[in-house]
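Novice: What follows is each chain in one-letter form.
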Amino acid sequence: MAGIGPLSEEGLVRLLDHTGERVADEYFGPFAEHLTFDDLRGFWRDMIMTRAFDTEATSLQRQGELGLWVASLGQEAAQIGSGRALRDPDYAFPSYREHGVAFTRGIDMPSILRVFRGLEHSTWDPAAHNFHIYTLVIGAHTLHAVGYAQAMDWDGLVGSGDPDKDGAVICYFGDGATSQGDVNEAMVFAAVNNAPIVFFIQNNQFAISESVTRQSTVPLAQRAIGFGIPSVRVDGNDVVAVHAVTRWAMEHARSGAGPVVIEALTYRMGAHTTSDDPTRYRSSADEDYWRERDPIARVETYLRGLGELPEDFEEAVRADAKELGRVTREAVKSWQPGPTDTIFEHVYAEPHPLVDADRAWFAQYEASFTDKEVTR
Amino acid sequence: MTAPTHEQVSSDRLAPEGLAPVRTLTLGAAINAGLRAAMDRDPKVVLMGEDIGALGGVFRVTDGLLKDFGERRVMDTPLAESGIVGTAIGMAFRGYRPVLEIQFDGFIFPAFDQITTSLAKLHYRTKGKLTVPLVIRVPYAGHIGAIEHHSESPEALFAHTAGLRIVSPATPQDGYDMIQQSIASPDPVLFFEPKARYWDKGEVDSTRVASQLDLADGASKATAEMSKARVAREGTDVTLMAYGPTVRLAMQAAVAAAEGGVSVEVLDLRSISPFDYETILASVKKTGRGVVVHEAPVAYGTGGELAAHVAEHAFFHLHAPVLRVGGFHMPYPGSKFEHDYLPSLDRVLDAVDKVMAH
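Note that the protein sequences, when read in sequence, are chains A and B. FYI, in UniProt numbering the residues of the first sequence are 1 to 376. FYI, in UniProt numbering the residues of the second sequence are 1 to 358.
Read the hints as simulated data drawn from the structure, not as lab findings. Cβ atoms here follow ideal geometry from the backbone N, Cα and C, with glycine treated the same way. Careful, some of the hints might be misleading.
[Unchecked claim] If you want a taste of the chain A side facing chain B, the calculated C-beta under 8 Å gives, among others: (1) S122; (2) A145; (3) G147; (4) M152; (5) H346; (6) P353.
[What the hints assert, rightly or not] Below, a sample of chain B positions facing chain A; criterion: calculated Cβ distance under 8 Å: (7) G83; (8) Y124; (9) T236.
[Said to hold, decoys possible] For lysine-lysine, the following PhoX-like pairs were computed, each having C-alpha atoms within a straight-line distance of at most 25 Å: (10) K165(A) / K129(B); (11) K165(A) / K44(B); (12) K129(B) / K221(B); (13) K333(A) / K127(B); (14) K286(B) / K228(B); (15) K129(B) / K44(B); (16) K121(B) / K44(B).
Make a model of the complete structure from these sequences and hints.
Specialist: Now the structure itself:
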């Protein structure tokens with residue numbers, strides 16, 4: 001893992017190492033100083049909940065209840081650490097694996113699975129949670145995020161100095177996305193417009209089967225230099241460091257100082273999706289190395305070592321996690337598609353004769369079937 | 001701040017020299033005036049594009065707007081079409097109404113992904129929670145003697161994608177009205193401007209669209225109206241269907257055919273998605289013959305869609321198959337050949353003769 005390539009661990013910001021020891025950092029340490037043990041237990045709980053949901057979703061896919069699942073296993077620290085650095089006025093654009101961030105934005109977790117059961121393309125109201133819907137076209141949303149950030153600035157929601165009002169955008173994408181033209185254009189537009197946006201790269205090391213070394217020869221954060229955007233690399237499996245770095249970056253953007261790039265180096269412990277087979281392209285030694293760096297384990301070790309993870313708290317969290325799994329399972333199994341007629345809704349905001357014609361045709365087609373069955 | 005009334009707009013901006021509400025304008029100037037009126041009406045309307053500021057656009061359609069509305073509302077963007085469309089989508093999420101200029105037809109393709117996978121689908125994907133009222137202005141089609149990528153007609157590539165509306169004005173009046181209707185529509189609109197017709201003059205009555213947009217349901221009415229075809233000339237023997245750059249050609253063909261005793265009805269389709277099939281079918285059922293004229297290549301094109309629809313819904317009224325006159329199945333050739341590549345008066349009349357011979 002040494003060297004100067006995109007997998008280098010040299011110079012990563014780290015505040016809690018994988019053995020559960022706190023690490024000092026002169027610059028970013030102060031951005032975590034406010035965290036209490038309650039906060040850290042909260043992060044731990046969020047990560048446990050996210051993983052429980054994710055594990056249940058994977059099972060549901062294996063049982064045929066979901067068409068596909070994109071697991072977040074192993075990326076909980078990157079998502080919870082950053083998600084918990086957001087404030088209400090901030091707006092987040094996820095890609096499609098940010099279930100942990102969704103949890104921090106108050107999304108009803110089971111509802112995420114309506115998309116993966118093939119019932120609809122999104123569930124929540126983005127404006128109600130300041131959390132955009134998932135985007136599957138790699139990197140496409142990074143441009144939307146920049147435009148949204150510019151518009152926040154125009155609306156006077158940036159740099160006013162009022163913490164209840166000032167916000168910024170955070171936009172999540174992966175290592176593979178950094179090769180997309182849209183992501184590079186997003187950084188150009190963000191830079192020249194001084195847009196209040198934090199680009200949060202989760203470098204989980206793989207774009208399906210392709211190593212990040214197929215995307216870049218240098219750490220991804222270095223790409224930002226060419227755009228004139230400050231950037232930082234952080235240990236993405238260290239929830240404390242991710243939180244500190246994101247807190248710094250969001251404050252930078254909210255203050256009107258412009259965009260930031262964060263690269264969180266993490267590891268996708270599971271498959272890309274449930275259709276994938278990681279044994280074809282990576283070694284078990286590699287997986288073992290990263291299993292030792294599990295983002296949840298190090299927080300547990302740290303808190304337990306200090307006697308700050310009481311048994312009753314842990315039991316309560318484990319029970320909550322189990323309950324989330326149960327609720328998720330029951331919800332998913334209960335969902336049936338509504339009438340097919342609904343697929344014709346919302347193609348346009350105003351009536352469009354082609355959609356109306358298709359809908360009318362389908363209605364009479366269906367009616368003709370029913371008639372035959374009745375007469376039979 | 002309340003938006004100025006159209007009366008004020010007319011006196012302040014549209015008619016700075018004290019001209020009447022009905023004036024003679026070129027198509028380019030009419031679109032410019034329409035943009036101005038829309039920006040006056042709604043402070044959320046912002047313009048984005050390459051060279052649209054100080055230069056006023058390569059065709060000068062945004063001329064003077066930077067001076068009057070400032071850099072925040074008339075934005076020279078980085079040279080990146082996907083970035084222009086993509087960031088505008090994000091602005092629309094916050095209630096802005098971006099009007100984008102893609103400099104030339106052949107340069108829209110870097111934005112094809114944003115237009116077809118994001119812009120067209122977001123209203124559907126969010127079950128109506130988000131509307132994305134972008135207008136993408138595209139100077140298109142040929143006859144300006146340009147080098148390659150500057151004369152193309154890619155409308156069919158977008159018409160195939162549900163979620164987009166596609167219109168093309170052929171007259172200054174429509175340029176003025178339809179740009180404002182497109183901006184008022186809650187749906188994304190591709191606004192194809194026939195660049196060779198930018199300098200054509202015509203009368204523009206600025207009061208028509210203003211009274212419509214002032215209504216409570218103005219956006220709905222505007223969307224419906226810009227989706228209607230116009231009977232540009234009445235006739236009884238053949239229906240010529242054209243839009244954008246070929247409307248003038250179809251009118252010329254009608255005049256020429258009349259000399260030979262053939263009565264041609266000309267439809268200015270105005271809207272490509274949706275096509276106004278009510279008007280189209282009424283006309284073809286009356287004449288019994290149809291010819292479609294567009295600059296885009298014929299194969300897999302909008303003319304094929306029209307011909308198929310007419311065959312399906314007016315088969316027993318037809319005396320002849322619907323013919324298509326358009327470009328060949330090839331990249332746009334060097335401009336010294338464009339007069340042979342594009343539909344010409346002779347080729348349109350040849351098609352009229354053929355359907356009359358049946």
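Novice: Now tell me, hint by hint, if it's right for this structure.
Specialist: We went through each hint and held it up to the structure:
Below 8 Å, beta-carbon pairs count as interface contacts, and S122(A) has one with chain B at about 6 Å; its hint therefore holds. At its closest, the beta carbon of A145(A) sits 6 Å from a beta carbon of chain B; the interface hint therefore holds under the 8 Å criterion. Proximity of G147(A) to chain B holds as hinted, the smallest CB-CB distance being about 3 Å (cut-off 8 Å). For M152(A), the interface hint holds, since its Cβ comes within 8 Å of a Cβ in chain B; the closest pair sits about 7 Å apart.
Checking H346(A) against chain B: minimum C-beta separation of about 4 Å stays under 8 Å; hint holds. Proximity of P353(A) to chain B holds as hinted, the smallest CB-CB distance being about 5 Å (cut-off 8 Å). Interface restraint check: G83(B) against chain A, minimum CB-CB distance 4 Å, threshold 8 Å, status holds. With a least beta-carbon distance of about 5 Å to chain A, the hint placing Y124(B) at the interface is held under the 8 Å criterion.
A hinted interface residue such as T236(B) counts as satisfied when its beta carbon comes closer than 8 Å to some beta carbon of chain A; here the least separation is about 26 Å, so the hint is violated. Distance hint between K165(A) and K129(B) is fulfilled; the C-alpha atoms sit about 24 Å from each other, no more than 25 Å. Restraint check for K165(A) and K44(B): satisfied, since their Cα atoms lie roughly 21 Å apart, inside the 25 Å limit. Straight-line distance between C-alpha atoms of K129(B) and K221(B) comes to about 21 Å, which keeps the hinted pair within the 25 Å bound.
Of the supplied pair hints, the one linking K333(A) and K127(B) holds, its CA atoms being roughly 23 Å apart against a limit of 25 Å. The suggested pairing of K286(B) with K228(B) holds, with an alpha-carbon distance near 18 Å, which does not exceed 25 Å. A threshold of 25 Å between alpha carbons decides the hint, and for K129(B) with K44(B) the separation of about 19 Å falls inside it, so the pair holds. Of the pairs offered as hints, the one joining K121(B) and K44(B) holds, with about 22 Å between alpha carbons and a cut-off of 25 Å not exceeded.
Figure legend: structure checked against the earlier numbered hints; the only hint not met is number 9.
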